[in-house]
Structure formats: C-alpha cells, structure tokens
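Kindly generate the complete structure, drawing on both the sequences and the hints.
Same order as they appear, the protein sequences are chains A and B. Using the numbering used here, the first residue of the first sequence is number 13, and each one after it goes up by one. Using the numbering used here, the first residue of the second sequence is number 13, and each one after it goes up by one.
Note that these hints are calculated values from the structure, not bench results. Misleading hints may appear alongside valid ones.
When chains are identical, the list treats them as one kind, so a pair holds in a single copy or across two.
Heads up, simulated BS3-like pairs for lysine-lysine below, C-alpha to C-alpha not over 25 Å straight-line [stated by the list, open to error]:
#	residue 1	residue 2
1	Lys121	Lys148
2	Lys121	Lys192
3	Lys192	Lys148
4	Lys69	Lys192
5	Lys79	Lys148
6	Lys79	Lys121
7	Lys79	Lys69
8	Lys148	Lys69
2 protein chains.
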Amino acid sequence: MDASRWAGESGEPSVSPRRRGAVLERAILGSALEQLSTVGWNGLTMERVAAGAQTGKAAVYRRWPSKEDLVVDALQAALPDLRAAVDHGSVREDLYQLCRRIRDAMFSKPGFALRSVLHECDSAAAERFHGLIFQKVIEPSARLFDDVVSRGIERGDVRPDAVSDLVRDVIPGLMMYRSKVCGSEFPDGDLARMIDEVMVPLLRPYGR
Amino acid sequence: MDASRWAGESGEPSVSPRRRGAVLERAILGSALEQLSTVGWNGLTMERVAAGAQTGKAAVYRRWPSKEDLVVDALQAALPDLRAAVDHGSVREDLYQLCRRIRDAMFSKPGFALRSVLHECDSAAAERFHGLIFQKVIEPSARLFDDVVSRGIERGDVRPDAVSDLVRDVIPGLMMYRSKVCGSEFPDGDLARMIDEVMVPLLRPYGR
Chain A
13 MDASRWAGES GEPSVSPRRR GAVLERAILG SALEQLSTVG WNGLTMERVA
63 AGAQTGKAAV YRRWPSKEDL VVDALQAALP DLRAAVDHGS VREDLYQLCR
113 RIRDAMFSKP GFALRSVLHE CDSAAAERFH GLIFQKVIEP SARLFDDVVS
163 RGIERGDVRP DAVSDLVRDV IPGLMMYRSK VCGSEFPDGD LARMIDEVMV
213 PLLRPYGR
Chain B
13 MDASRWAGES GEPSVSPRRR GAVLERAILG SALEQLSTVG WNGLTMERVA
63 AGAQTGKAAV YRRWPSKEDL VVDALQAALP DLRAAVDHGS VREDLYQLCR
113 RIRDAMFSKP GFALRSVLHE CDSAAAERFH GLIFQKVIEP SARLFDDVVS
163 RGIERGDVRP DAVSDLVRDV IPGLMMYRSK VCGSEFPDGD LARMIDEVMV
213 PLLRPYGR
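Here it is as structure tokens:
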C-alpha cells in the first residue's frame, strides 16, 4: 500500500502506462486545438503545444512526427459527430434545423481551427486535411441531407428525383460563397431564407 | 522631317509624351499579369515586373507605389467586360451559355491571375481586391443573371418571384465550392447538369 502510494507521488504511473499515455495524448491534442484557435496554423509550434499540455517537446514528437500529423489528430478528435437528423414534420423545418447545426459546427472552436488550417496552410499541407474534411464534415453532412430528403419524398414534400450530387452541394456552396464574399456568419434568418427561397422551391414536387 | 525621324530613332518620344506614357503603362500592366499567372502573387516583385516590361524599377514605382496598387490596375485592365447575354430561346440555354462564359473567364489568364491573388495574399491585402472583384466579376455576372431570368419570366419558363440575392448566388456558390473541394474545372457536361438538375427545377413556374 505505502509503496504504491509512493510510486504515484514520485511521478511514476499510478495506473497502467497505457492509460497514462491516453491522458497525456488528450492534453496534447487539446493544447493543439487551443493553439489553432488562438494563434492559428502559422503560429502553432510543437514547443507551444508541449508547453500548453505541460509536457516536453519530446513527448509530442514521440507521438506525432510533424505538425500536420498532430493537427490532423487534434481536429479528428475535436470535430463533433453529426447525429442523425430528427424528423420535424416537414422538409422545410428538417433542412432549417440541419443548417443550424452545420452553422454551429462551423463556428465552434474545432470549426474555427479547421478553417484557420485551410485558410493559412499552403496547398501541399492542405492536401493532408482533405481526407479528414471528407470524413468528418462533407460525407456526414451529405448523409444527413439525404436522410432529410428521403423522408421528404416519403412524406410527399420532395419530388422523387430531386437529389443529385449537385443538389447536395447547393447549401455548402452557398455557405462557403457567402462566408468568403460577404463574411456572412449565417444568422438564423439567413438560414431560413436559404431554405425558403432556394431549397424548398428546388425540391418541391412537380405540379406545385 | 529628318530631325523628327532622328528623334524617334534615338529613343526620344516620336509621339506626345502622354501617348508614350500610355504605351509604357500597358507594357508594365501586361508584365504584371504575366508574372501573376506564372510566379503568382508571392513571386511577383516590382523588379521582375520592370524587367518584363523592359523598363526600370523607378518607372514602375513612379506610377504604382505598391504591389497591391499595381496588381489592382493590372487586373482591372485585363478582366474582360461581360457583354450582354444573347437570347437563346429558353432559360435553360441562356443560363448554360452564361455559365460557359463565366467558366471561360475563370480559366483565362486574368482569371488565373485573380485567383492566385485571392489564394495567396494575406487577408489585409485581399481586402484591397474586394472592390475590384465586386465591380468586375460579381456585379456584372449578377446583372447578366437577372437579364436572363427577366427574359424567362416574360417567356414563361421562370416563375415571377423566383429571384433573390440567394438564388443569384447558387451558381457562383456551386462553382466556388466544387472548384475548392474537388478541383472541378467545369467541363460543359457539368455545367449542363448544374442547369438541368439545379437551376431549371429551382426557377420553374408553379404548377410544373
């Protein structure tokens, strides 16, 4: 008993080494995310990340050989999983609520971090993040959009042949374009207009 | 007679100094555009531009105090004016032809130059180009889109309340998004699908 307490106080792992590693990893990833959302991709250094996680640079490099590797894992861990879209009774309301969730994710800490990466890093480094963006952002959003539309087709407020890859990209396209060109942060009113003026007319059944 | 010929051959202006200035200015602007489309915004220097125009650095700085000023003028001079959209008999064909012209402008030399500027320069410098982009790209495209849609409303293949600022941004949004996310260069077939799967269903009159 005394011996094991002593081991813990001296800095030796008091739990299994693997568990100690996971805790430290989380601290390093959290520190990397913090750096991304404060000093951005260009300002982030392995030294700063180590300091923020109260560890040494070697502990960071042992796990992640490069800044890119570390940032991919930090974003991977932090970007939220988009849960299934609840049925709100109409395609209009389903899409509106889906857009609000996507907007909130864009303006969350990991969302800012992701955008700082895409905005600042050169195109060679940006390549590294494409897989991550597809897996964590583009594919899950597209799947949720498809769920909402399938429900609309069953319900009768979406025409049966409405969906294509291009139709799926209309909302992300508008959000990217307006955020770039006029710095829009998509207040609820703008999202509602996007649904009412673009998506509902686009998806509406024939004959309406 | 002899005297004026002699003056021309010696390198003195054989026409008015003002005209000589305009010729030199065009050479400098052309050289700046060439640099943008070969070495990009980051690679462009006043020295290189001067060398390309076969003049000295002082001649460039006398007219343009900074790289930003020079590039704004070079793009301003080179970006084509989008002429009025010809009536092709249907909103489908009108929009398709309009998109082809916008795509061709995007992939022209000044189009590449503009995108290299937007991609590479930092956000403080990018601010300088916003006015230019609105004046030469966004506003004229929106005006042509409105012309096509007004014609469609008169013709009866567009519903009367179809247009809003958001509807106007659907095509630019899709083009920006797909060019960023999947590097699309918009072959004619993709443009046709964009019109057939998104714009025609979105704009179609009620009851169809």
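Results of checking the hints against the structure:
{"no.": "1", "hint": "Lys121 - Lys148", "verdict": "within (15 Å within a copy, 35 Å between copies)"}
{"no.": "2", "hint": "Lys121 - Lys192", "verdict": "both (19 Å within a copy, 22 Å between copies)"}
{"no.": "3", "hint": "Lys192 - Lys148", "verdict": "both (21 Å within a copy, 17 Å between copies)"}
{"no.": "4", "hint": "Lys69 - Lys192", "verdict": "neither (36 Å within a copy, 35 Å between copies)"}
{"no.": "5", "hint": "Lys79 - Lys148", "verdict": "within (20 Å within a copy, 39 Å between copies)"}
{"no.": "6", "hint": "Lys79 - Lys121", "verdict": "within (19 Å within a copy, 35 Å between copies)"}
{"no.": "7", "hint": "Lys79 - Lys69", "verdict": "within (12 Å within a copy, 40 Å between copies)"}
{"no.": "8", "hint": "Lys148 - Lys69", "verdict": "neither (28 Å within a copy, 49 Å between copies)"}
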